[in-house]
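J.: Line order of the protein sequences matches chains H and Z. So that you can map any letter, position 52 of the first sequence is 102 in my numbering, and since no number is skipped, the others follow by simple counting. So that you can map any letter, position 61 of the second sequence is 705 in my numbering, and since no number is skipped, the others follow by simple counting.
Treat the hints as calculated values from the structure; they're not laboratory data. Do not rely on the hints blindly, as some may be mistaken.
Said to hold, decoys possible - From the structure, some residues in chain H lie toward chain Z, with a derived Cβ separation under 10 Å:
#1 80
#2 221
#3 274
#4 286
Stated by the list, open to error - Pair by pair, the computed Cβ-Cβ distance ranges are:
#5 211/H to 726/Z: 35 to 43 Å
#6 317/H to 691/Z: 50 to 58 Å
#7 713/Z to 217/H: 45 to 53 Å
#8 383/H to 745/Z: 22 to 30 Å
#9 693/Z to 185/H: 36 to 44 Å
#10 234/H to 715/Z: 53 to 61 Å
#11 699/Z to 192/H: 21 to 29 Å
#12 234/H to 713/Z: 48 to 56 Å
#13 763/Z to 232/H: 39 to 47 Å
#14 715/Z to 323/H: 43 to 51 Å
#15 686/Z to 383/H: 39 to 47 Å
These numbers were taken from a predicted model, which means no experiment stands behind them. Even for Gly, the Cβ is constructed at its ideal location relative to N, Cα and C.
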Amino acid sequence: MSHKTSLACAGAFAAAAILAGISPASAHTIIGNRVFPATLTIDDPGVDDELTVPAFAYSFGSANNYTFPPVPASQSYEFNFFYGKRITSDLELSIDSTFLHQVNPRANGWEGIETEVKDQVMVSAEHEFVVSLGVSQAWGGTGNPNAGAPQYTTITPKIFLGKGFGDAPWDWLRPVAVTGEIDYDVPTVPNIVTGVDSFNNPIISQTPTTVDFGFTIQYSLLYMNGYVQQVPEFLRNLVPTFEAVFTSPVSNIGPSGINSVPGTHETTGVFGPGLYYIAHDYELGIYGAFPINQASGKHPGVYAIVDFFLDDLFPNTLGKPIFGPQESTAFDPWHAFKQ
Amino acid sequence: MQKLLKSFVVTVLASSLATTAAFAHAFLDHATPAVGATVSGSPSELVLSFTQGVVTAFSSVSVSGDGGSVPASKPVNDPSNQQIIHVRLGHALKPGSYTVTWHVLSVDTHRTEGSYRFTVS
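Chain H extracted, bound-state conformation (with noise of 0.2 Å):
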């Protein structure tokens, strides 16, 4: 790959490093009284059987123009596909990957595989409250480097949380649940080639270590029918959202300079609504992105989803823990602090 190229691929690939941070790739999760769904921003903060054919994304990324030639806006158009399976109760392995279109320049590809260990470690059923901990690994190598897969392997551990305020004295507030997650990803090396100059030396770039962080605010008609207000009925199965995504690179950063891959040396995020309908056995989902800066890209992007859970559509076979009860035994804070 020439300077040039290199340069271009890696300024169009920003707006899809930003939406790897994101992993459209998620599940939903039932606590209590409460349906967490599947999220676009963030992954759910609970566990279950799913599967996403496929998580969307639309992104616009920016154009650098203190390069020469000037790196024109790349468009990007993801398919994320998540298969989340339950061994326990409270634990969950899946696998996702994710195939990109992109526009200017022009690659198509799979961005590599990714797999996840996700447990609940605190689950309280009577008060909405979920807090999971994760460890994923995009396997490097394992996608196309014209796609902008990476050849070297990133670790991620994870921390997710869901709180539902159906225990609020308020029937105002009983509707609403919050979500977060915090990742911390950790490239397994420091240093990649990234190309050649016109000398034909090797340009080394560092892989930054970045924390991805982010939060859902919902509003569930789904809960307020059942517990608070009966709503009109194509009102009942909606839940609007505000979500926001984030990813800070924190060490191995490199050196500043014009040439700087957008996002490398700042933070980068969207931010914006979404809505999610949720059936019977399926969840669709759509959610507006407005960029927080240049480098997060340079219009709206769009990311949509269609959700099939396993646990509904095939209760007594793919949809079930392999081992254990259905419900969770993980600790309770609450019940711990009553007794």
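Chain H is fixed; fit chain Z onto it per the hints.
T.: Relative to the frame of chain H, chain Z by itself:
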């Protein structure tokens, strides 16, 4: 791609208008008297409609108001729909606020519970 996106949005909207949800977990879809509603005069029974079939042998519904617990029958399935249960009240309700508390077992063995209020004016 824009066509794909448009068709997805249309699908979302069409589904939200046309489909009734029913989870493997039995959540309350609607009730009579309605959740949070104010009704004039005492109902003779409660009708709770869930998003999935309910096993009444392992389900219960209780009603309480300012004067304490209200006697009520055991829930029975609607003969035409296992997702609907009926609970007859032991006596007429005086004007006031009442809380309905339900515990149900869905036909695929998930347990759910909840409560809601309604008011008799």
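J.: For every hint, state whether the structure bears it out.
T.: Verification of the hints:
1. Contact between residue 80/H and chain Z, as hinted, is supported at the beta carbon level, the nearest pair being about 6 Å apart and thus within 10 Å.
2. Here the hint on residue 221/H is kept, as its CB sits about 8 Å from the closest CB of chain Z, short of 10 Å.
3. This hint holds: residue 274/H has a C-beta 9 Å from the nearest C-beta of chain Z, less than the 10 Å allowed.
4. At about 7 Å, the closest approach between the beta carbon of residue 286/H and any beta carbon in chain Z falls short of 10 Å, and the interface hint on this residue holds.
5. A beta carbon spacing of about 37 Å between residue 211/H and residue 726/Z agrees with the range 35 to 43 Å that was offered as a hint.
6. The beta-carbon spacing between residue 317/H and residue 691/Z, approximately 53 Å, falls within the hinted interval of 50 to 58 Å.
7. Residue 713/Z and residue 217/H have their C-beta atoms about 22 Å apart, which leaves the hinted 45 to 53 Å range violated.
8. Checked against the hint of 22 to 30 Å, the pair residue 383/H and residue 745/Z passes, with Cβ atoms roughly 24 Å apart.
9. The hinted range of 36 to 44 Å is satisfied by residue 693/Z and residue 185/H, whose Cβ atoms lie roughly 43 Å apart.
10. Between residue 234/H and residue 715/Z the Cβ separation comes to about 58 Å, which falls inside the hinted range of 53 to 61 Å.
11. Restraint check, residue 699/Z to residue 192/H: a C-beta distance of roughly 46 Å breaks the suggested window 21 to 29 Å.
12. The hinted window of 48 to 56 Å between residue 234/H and residue 713/Z holds, with their beta carbons roughly 52 Å apart.
13. Our hint of 39 to 47 Å for residue 763/Z and residue 232/H holds, since their Cβ atoms are close to 44 Å apart.
14. Between residue 715/Z and residue 323/H the beta carbons are some 47 Å apart, a value that agrees with the proposed interval 43 to 51 Å.
15. Restraint check, residue 686/Z to residue 383/H: a C-beta distance of roughly 42 Å satisfies the suggested window 39 to 47 Å.
Checked against the numbered hints listed earlier, the structure breaks hints 7 and 11; every other hint is satisfied.
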